[in-house]
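**Student:** Residue 569 in the numbering used here is what sits at position 6 of the sequence shown, and the numbering runs on without skipping anything.
No wet-lab data here; the hints were simulated from the structure. Keep in mind the model is a prediction, meaning the values are calculated, not measured. Glycine is no exception: its CB is placed at the ideal position from the N, C-alpha and C atoms. Worth double-checking, as some hints may not be accurate.
Stated by the list, open to error - Derived DEER-like restraints, expressed as beta-carbon distance ranges:
no.	residue 1	residue 2	range
1	Pro751	Ser611	17 to 27 Å
2	Pro710	Ala650	19 to 29 Å
3	Val739	Gln664	36 to 46 Å
4	Thr600	Gln701	31 to 41 Å
5	Pro751	Cys717	15 to 25 Å
6	Ala677	Ile769	36 to 46 Å
7	Lys660	Gln701	22 to 32 Å
8	Pro751	Gly695	50 to 60 Å
9	Ile643	Gly783	15 to 25 Å
10	Gly706	Ala745	31 to 41 Å
11	Arg654	Cys717	13 to 23 Å
Stated by the list, open to error - Below, a list of computed lysine-lysine pairs in the DSSO-like style, where the Cα atoms sit at most 27 Å apart:
no.	residue 1	residue 2
12	Lys713	Lys748
13	Lys631	Lys748
14	Lys662	Lys683
15	Lys748	Lys683
16	Lys748	Lys660
17	Lys660	Lys713
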Amino acid sequence: MSELAHGAHPQGFAHQFEDVEQQRDAGRLGMWVFLVTEILFFGGMFASYTIYRALHYESFVTGSHLLKVRFGATNTYVLIGSSLTMALAIRAAQTGKKKGQIIFWLILTMILGAAFIGIKLHYEWFRDYQEGLIPGVQWFYNGPHAPGVKMFMCFYFFMTGLHAIHMVAGLGILTVLVIMTARNKFSPEYYAPLEISGLYWHFVDIVWIFLFALLYLIGGRYPGS
């Protein structure tokens with residue numbers, strides 16, 4: 564008879580809870596409360612951006628056309644893929660797969676997350692620096708709607724920079740999950756940290772989809788342009 568059948572709790576169970584399901588529900592609730600605060604935080608940025616975009620639409624269109632849609636689109640596909648691999652890692656734990664399979668999906672998620680940051684740093688931000696499109700650091704742009712374009716680029720770096728910080732935090736969380744998996748911390752009865760961390764990772768991915776649409780696709784642009 565299994566250990567659970569004798570009334571023992573799975574590894575990782577905290578004794579302040581009545582059962583594993585209550586612990587899992589508490590963890591989910593805590594993460595959702597945290598994500599609500601994140602939604603309010605990003606929502607404030609999106610609202611400010613929307614207001615200024617409406618007031619300076621032509622400037623924002625000009626600024627958007629300075630961005631490379633293909634790199635933003637590539638990063639969008641990368642993050643959608645990372646959401647899939649994160650879900651597969653959670654599914655592997657739920658179905659009792661070997662820890663090597665869980666670690667494989669987690670590391671693949673980390674690789675995709677690191678690829679996102681690498682593309683953003685090397686192919687976008689570094690290029691922007693070379694072309695003098697970073698307000699307050701290196702600004703050479705003197706084309707049409709220069710003041711409004713500068714405002715757009717401020718929004719762009721502030722919003723994508725905060726998103727990148729969340730991505731780095733997510734990579735740190737995934738590193739901890741890989742270590743926990745290697746130490747046999749997860750089982751079909753206990754995988755709450757994977758599930759809760761997955762919510763965070765999916766949230767960060769969704770935020771990027773909104774950022775991509777708002778920043779890169781102004782003025783009738785599309786991902787293939």
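**Student:** May I ask which of the numbered hints given earlier this structure violates, with the numbers listed in increasing order?
**Tutor:** 1, 2, 3, 5, 6, 7, 10, 11, 12, 13, 14, 15 and 17
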